[in-house]
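Enquirer: If you want the building blocks of each chain, they are given just below.
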Amino acid sequence: MKKWNGKLMLLGAVGTLAMSVAAAEAAQLTVISWGGAYTKSQTEAYQKPWMAKTGNTIVSADYNGGLAEVKAQVESKNVTWDVVDVETSEAISGCNDGLFEKIDASKLPKGDNGASPMDDFVPGAITDCAISTIAYANVFGYDSTKFAGDKPTKVADFFDLKKFPGKRGLKKEAKVNLEMALMADGVAAADVYKVLATKEGVDRAFKKLETIKGSIVWWEAGAQPPQLLASGEVTMTTAYNGRLFTPAVTENKPFVIVWDGQQQVFDTWAIPKGSKNKDLALDFIAFSTSTKPLADQARYIPYGPARKSSAPLVGKFQDDKTDMAPHMPTNPANMGNAIVQDVKFWADHYDELNERFVSWIGK
Amino acid sequence: MHSTFDQKALTRQLAAAERRNKVKAFLLVLPLLLFVLASFIVPIASLVWQGGYSDTFANALPETSKLLGAWDARSPVSEDLVKSFVTELKASKLKDPAIPTRVATVVNREQSGSVSKFKQVMSASDLASPYKEKLSALSSEWDKPDIWRAMKIVAPSFTPRFYFQAVDLRLTAEGDIKPETDENAIHLLLFGRTLMVAALVTLFCALLGFPIAYLLAHAETKTSNMLLIIVLLPFWTSLLVRTTAWIALLQQNGVVNDFLVAIGLIDNDHRLVMMYNMFATLVAMTHVLLPFMILPMFSVMKTIKANLVRAALSLGATPWTAFWQVYFPQTIPGLGAGCLLVFILAVGYYITPALVGGQSGQLISNIIAFHMQKTLNWSLASAIATLLLIGVLLLYWLYNRLVGIDKMKLA
Chain A
0 MKKWNGKLML LGAVGTLAMS VAAAEAAQLT VISWGGAYTK SQTEAYQKPW
50 MAKTGNTIVS ADYNGGLAEV KAQVESKNVT WDVVDVETSE AISGCNDGLF
100 EKIDASKLPK GDNGASPMDD FVPGAITDCA ISTIAYANVF GYDSTKFAGD
150 KPTKVADFFD LKKFPGKRGL KKEAKVNLEM ALMADGVAAA DVYKVLATKE
200 GVDRAFKKLE TIKGSIVWWE AGAQPPQLLA SGEVTMTTAY NGRLFTPAVT
250 ENKPFVIVWD GQQQVFDTWA IPKGSKNKDL ALDFIAFSTS TKPLADQARY
300 IPYGPARKSS APLVGKFQDD KTDMAPHMPT NPANMGNAIV QDVKFWADHY
350 DELNERFVSW IGK
Chain B
0 MHSTFDQKAL TRQLAAAERR NKVKAFLLVL PLLLFVLASF IVPIASLVWQ
50 GGYSDTFANA LPETSKLLGA WDARSPVSED LVKSFVTELK ASKLKDPAIP
100 TRVATVVNRE QSGSVSKFKQ VMSASDLASP YKEKLSALSS EWDKPDIWRA
150 MKIVAPSFTP RFYFQAVDLR LTAEGDIKPE TDENAIHLLL FGRTLMVAAL
200 VTLFCALLGF PIAYLLAHAE TKTSNMLLII VLLPFWTSLL VRTTAWIALL
250 QQNGVVNDFL VAIGLIDNDH RLVMMYNMFA TLVAMTHVLL PFMILPMFSV
300 MKTIKANLVR AALSLGATPW TAFWQVYFPQ TIPGLGAGCL LVFILAVGYY
350 ITPALVGGQS GQLISNIIAF HMQKTLNWSL ASAIATLLLI GVLLLYWLYN
400 RLVGIDKMKL A
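The listed protein sequences correspond, in order, to chains A and B. Those letters in the first sequence? Residues 0 to 362, by numbering that gives the first Met the number 0. Those letters in the second sequence? Residues 0 to 410, by numbering that gives the first Met the number 0.
Everything labelled a hint here was simulated from the structure, so no lab data went into it. As the structure is a computational prediction, the values presented were derived from the model and not from experiment. Please note: incorrect hints may appear among the correct ones.
[Claimed, not checked] If you want the ones that stay clear, here's a sample from chain B, every Cβ over 12 Å from chain A, calculated:
{"id": "1", "residue": "R11"}
{"id": "2", "residue": "A15"}
{"id": "3", "residue": "R18"}
{"id": "4", "residue": "A37"}
{"id": "5", "residue": "Y52"}
{"id": "6", "residue": "K82"}
{"id": "7", "residue": "E87"}
{"id": "8", "residue": "K177"}
{"id": "9", "residue": "L202"}
{"id": "10", "residue": "A261"}
{"id": "11", "residue": "R309"}
{"id": "12", "residue": "G315"}
{"id": "13", "residue": "I363"}
[Stated by the list, open to error] Residues from chain B that face chain A, not an exhaustive set, calculated with beta carbons under 8 Å:
{"id": "14", "residue": "T100"}
{"id": "15", "residue": "N107"}
{"id": "16", "residue": "R108"}
{"id": "17", "residue": "S111"}
{"id": "18", "residue": "A184"}
{"id": "19", "residue": "I185"}
{"id": "20", "residue": "N252"}
{"id": "21", "residue": "V255"}
{"id": "22", "residue": "F258"}
{"id": "23", "residue": "A311"}
{"id": "24", "residue": "G357"}
{"id": "25", "residue": "Q372"}
{"id": "26", "residue": "L375"}
All C-beta atoms in this analysis are idealised placements derived from N, C-alpha and C, irrespective of residue type, glycine included.
Could you build the full structure based on these sequences and the hints that come with them?
Expert: If you want it as structure tokens, here you go:
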């Protein structure tokens, strides 16, 4: 009996060993994104089809942006993330710092209409180390039950505390806020970054922000603005457009988005330098940024696909009732007064303006 | 004869045994020693080191660093300097394509716009002698001394500039120290605010914790066990959950305001603002840190003999005198330990104040986190953290002089 037991154990050990070897062969990719409805849209449109196609598995995890974790992994040469969803400006600064692998965009698949990838992606969507999936917009929204008469329609209304009383939610970062302040102060969309590049322009933006400083509630995570609106803590807040869309459509919250002065930003895939699954990561990025998956994602969240060939394929929301086109930042009706975030400007001025912004908040 | 031999052997044996014991004892504490070394001493040493050392520039452009060191920061830059800058920058790309932009990022912290100026140089293909003219053809910025002065500042590997920056001073290219501009100066203000918040939280914890600890120590065992569990309960809940709970309680449409409106104490249009201000920071931090005050006080009060107070009372002391002169002095070790614990924890707090404190919740740890996560200026983050550490050590030293650390009892 004892002998038998020993054999059984041996058999078991061999079995476990064989299983672990098999597990090592089936490839596993770690994909990091922002969580919530956004990660869900990626899982449905990119991850699941890719897993079905290749037989590999994807482990998803959330983070809150920033390059600190990537930097720590790359510098300690212990890279556990394979693909990370980063904003273009961070993709560029991370690329500058050597934190991301270079990606040859010309090797990406052609668009469904036959267009070469370099022509198919909208301008600015491809950078040295990162390929864009979608463009989202920084907009502001309000709770329509809070204002009986006139409703806010212009970016300047956000700063009008007399006409539209109540607290304002703003992201605790210089980016977006300074541009918004200038547009509210009457600077034309095309001139925003020209003005912001001068000392007077920066002073002007801060002066405009100063007018509502006492009424600002700062947020940091994308999930906060809808909560602030829902709890009545603020009457108006800036937000990523998808975060206001989802509660408004699926939970009938009285949230209204003002598209005037919207600021579009790309979200991109990047590969941390030294990823152990670089080839697999590239395959996943090539797949998920192809025409159909990008269009499919719009079924779950109103973010504009980075490929032109995806736009005609965008249809209805997952409830099969709501048309997605009017909720897209790229919809012509929403583009009346819009800017695309200037990543080159922010690469040059990020440190200087954030330093001043942080000390302005602190005082 | 025989006995001396025995004695010698005995001494030897004894010494050997003692040596063995010593080795054993050392081996027993060795894991702890290594753990402390690896998880505490080494990180702190590297923190202090990183605050004063940054070799990105000097590593990539060694010759240029030397020439910049010799330059007086005022006269026009020499052709040699420009030549070495261009050739070394171009050469550094061959080692690792990320180096030039990494260098540009470092220079950009002193001079905004340097990133795109460096990019121009990297993408220009026809840079040859005379380098100076070629560069100024690229952009007139290269004619101005500003970008060169910025490079001179970041060129040395060993530099006090991060420590200066941590106390709102700037190092100039000439090596002078000038105060930070008003709109950018913030660190000293935040150091002060952090210490003030920590001191207030410690005070509130002491005032609230003392009676609770007293109750715990002098109630019946059954009741006091129950109370102790209630005190410890928050420890089993995540910090974020506790903080978010305060948001739900204190916000404009929160539980407290709803209650006050319902009982008619305040008007619906004039709800109290208790969130995103200093009040919320103090309330939430006091709540989170209170157990750290209660537990050491409780363990000290538990050992105080009740008959001492009784003796004082029977000798004619008023209840207040008996408490103040007999009971209270015996609680000092616990109170001291609690205050020290709470204060040190409070100084490093940042999640709670950042979530509930709004503008005033901006403390020095937020700035450290900001430079760690957003600007990736880890040297500046290290310098600020080092100064915070020194500040806490100074307070600890002061505490030791005033109260005496040997009198402290943690549990």
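Enquirer: It remains to establish, for every hint, whether it holds in the given structure.
Expert: Okay, the hints, checked on the actual structure:
In this structure R11/B is separated from chain A by more than 12 Å, as the shortest Cβ-Cβ distance comes to about 49 Å. No beta-carbon of chain A comes within 12 Å of the beta-carbon of A15/B; the shortest separation is about 44 Å. With a least beta-carbon separation of about 41 Å from chain A, R18/B lies farther than 12 Å from that chain, consistent with its non-interface assignment. With a minimum CB-CB distance of about 14 Å to chain A, A37/B clears the 12 Å threshold, and the non-interface call stands.
Listed as a non-interface residue, Y52/B keeps its Cβ farther than 12 Å from every Cβ of chain A; the least gap is roughly 15 Å. Even its closest Cβ contact with chain A, about 24 Å, leaves K82/B beyond 12 Å, as expected for a residue assigned away from the interface. The Cβ of E87/B lies farther than 12 Å from every Cβ of chain A, with a closest approach of about 17 Å, so its non-interface assignment holds. Residue-level check passed: K177/B sits 16 Å from the nearest beta carbon of chain A, beyond 12 Å.
Consistency note on L202/B: stated as away from chain A, and its beta-carbon is indeed over 12 Å from all of that chain's, at 23 Å minimum. With a cut of 12 Å on Cβ distances, A261/B stays outside the contact zone with chain A, its closest approach being about 16 Å. With a least beta-carbon separation of about 54 Å from chain A, R309/B lies farther than 12 Å from that chain, consistent with its non-interface assignment. Distance check on G315/B: its Cβ is at least 56 Å (rounded) from any Cβ of chain A, clearing the 12 Å threshold; non-interface status holds.
Not every beta carbon of chain A lies more than 12 Å from that of I363/B, the smallest distance being close to 10 Å; the non-interface claim is violated. At its closest, the beta carbon of T100/B sits 3 Å from a beta carbon of chain A; the interface hint therefore holds under the 8 Å criterion. Using the Cβ-Cβ criterion of 8 Å, the hint placing N107/B at the interface with chain A is satisfied: the shortest such distance is roughly 6 Å. About 5 Å separates the beta-carbon of R108/B from the nearest beta-carbon of chain A, less than 8 Å, and the hint is met.
About 4 Å separates the beta-carbon of S111/B from the nearest beta-carbon of chain A, less than 8 Å, and the hint is met. The interface hint given for A184/B is met, as the beta carbon of that residue sits about 7 Å from the closest beta carbon of chain A, less than 8 Å. At its closest, the beta carbon of I185/B sits 3 Å from a beta carbon of chain A; the interface hint therefore holds under the 8 Å criterion. Among the interface hints, the one on N252/B holds; its C-beta lies about 4 Å from the nearest C-beta in chain A, closer than the 8 Å criterion.
Proximity of V255/B to chain A is violated relative to the hint, the smallest CB-CB distance being about 13 Å (cut-off 8 Å). Annotation: F258/B was flagged as interfacial toward chain A, and the flag is violated, the nearest CB pair being 16 Å apart, outside 8 Å. The beta carbon of A311/B comes no nearer than 51 Å to any beta carbon in chain A, farther than 8 Å, and the hint placing it at the interface is violated. Restraint check, G357/B versus chain A: the minimum CB separation of about 6 Å is within 8 Å; hint holds.
Contact between Q372/B and chain A, as hinted, is supported at the beta carbon level, the nearest pair being about 4 Å apart and thus within 8 Å. At about 6 Å, the closest approach between the beta carbon of L375/B and any beta carbon in chain A falls short of 8 Å, and the interface hint on this residue holds.
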